[in-house]
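Undergrad: Sequence:
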Amino acid sequence: MSESRFAQLPETEQENLLFHLRLLKQSYEAFRDKEPFKGQELDQDAITFLAAFEQLIKDMVHIEPNHVFAGQKLVTQQIAKYPELTECWARDLLWYFGGDCLHYMPDEEIEKFQLLDDARYEAIDEGKPFDREKTRNRIFGLH
1 MSESRFAQLP ETEQENLLFH LRLLKQSYEA FRDKEPFKGQ ELDQDAITFL AAFEQLIKDM
61 VHIEPNHVFA GQKLVTQQIA KYPELTECWA RDLLWYFGGD CLHYMPDEEI EKFQLLDDAR
121 YEAIDEGKPF DREKTRNRIF GLH
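Per full-length UniProt numbering, the sequence shown starts with residue 1, numbered consecutively.
Hints are not guaranteed to be accurate.
[Unchecked claim] Below, computed lysine-lysine pairings styled on BS3-like, alpha-carbon distance capped at 30 Å: (1) Lys-25 / Lys-73; (2) Lys-38 / Lys-58; (3) Lys-73 / Lys-112; (4) Lys-58 / Lys-34; (5) Lys-128 / Lys-25; (6) Lys-73 / Lys-34; (7) Lys-38 / Lys-81; (8) Lys-25 / Lys-112; (9) Lys-34 / Lys-112; (10) Lys-128 / Lys-112; (11) Lys-25 / Lys-58; (12) Lys-81 / Lys-25; (13) Lys-81 / Lys-34; (14) Lys-112 / Lys-58; (15) Lys-112 / Lys-81; (16) Lys-73 / Lys-38; (17) Lys-58 / Lys-81; (18) Lys-134 / Lys-112; (19) Lys-38 / Lys-25; (20) Lys-25 / Lys-134; (21) Lys-58 / Lys-134; (22) Lys-58 / Lys-73.
[To be verified] For each label pair, taking beta carbons as the anchor points, the in silico distance ranges come out as: (23) Arg-5 / Ile-124: 15 to 25 Å; (24) Leu-142 / Thr-76: 23 to 33 Å; (25) Leu-9 / Glu-29: 23 to 33 Å.
For the record, the hints were derived by calculation from the structure and aren't laboratory data. Ideal placement from N, C-alpha and C gives every residue a C-beta, glycine not left out.
Please put together the full structure from these sequences, using the hints given.
TA: This is the structure:
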């Protein structure tokens, strides 16, 4: 993490960034477990995709201003080229990256993520801690 940029973020934004960075790394590992990204012998398209994915992780770690746009681009390229692997993306990342990624989310899911964001901003405004997991589970009807 770029210490100076990260330290300048409010604590709630630090938590938000770290949450999505963990999901991004988990999604990367999910792709690495699937063909054509599995194993040692990769074709050039797979090598290029994984390199872009690794760069996105680095950009997010360093809080590069372009990381959200790069995420949108990577998601949309992946879905166009490997639609059967879309399940490897954590849905929260589609919302986080936004833009064209939202085209791959049903309206009902978008509404739930909007409610989650609203709850997060409400907690921030009220100076209260935000329990993402508990709030997300409630909104999405999990557990």
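Undergrad: State for each hint whether it applies.
TA: Right, here's what the structure says about each hint:
no. : hint                         : verdict
1   : Lys-25 / Lys-73              : holds (17 Å)
2   : Lys-38 / Lys-58              : holds (21 Å)
3   : Lys-73 / Lys-112             : holds (23 Å)
4   : Lys-58 / Lys-34              : holds (22 Å)
5   : Lys-128 / Lys-25             : holds (28 Å)
6   : Lys-73 / Lys-34              : holds (20 Å)
7   : Lys-38 / Lys-81              : holds (16 Å)
8   : Lys-25 / Lys-112             : holds (23 Å)
9   : Lys-34 / Lys-112             : holds (29 Å)
10  : Lys-128 / Lys-112            : holds (21 Å)
11  : Lys-25 / Lys-58              : holds (10 Å)
12  : Lys-81 / Lys-25              : holds (20 Å)
13  : Lys-81 / Lys-34              : holds (14 Å)
14  : Lys-112 / Lys-58             : holds (29 Å)
15  : Lys-112 / Lys-81             : holds (28 Å)
16  : Lys-73 / Lys-38              : holds (22 Å)
17  : Lys-58 / Lys-81              : holds (23 Å)
18  : Lys-134 / Lys-112            : holds (14 Å)
19  : Lys-38 / Lys-25              : holds (16 Å)
20  : Lys-25 / Lys-134             : holds (22 Å)
21  : Lys-58 / Lys-134             : holds (29 Å)
22  : Lys-58 / Lys-73              : holds (15 Å)
23  : Arg-5 / Ile-124: 15 to 25 Å  : holds (19 Å)
24  : Leu-142 / Thr-76: 23 to 33 Å : holds (27 Å)
25  : Leu-9 / Glu-29: 23 to 33 Å   : holds (25 Å)
The earlier numbered hints are all upheld by this structure, with none contradicted.
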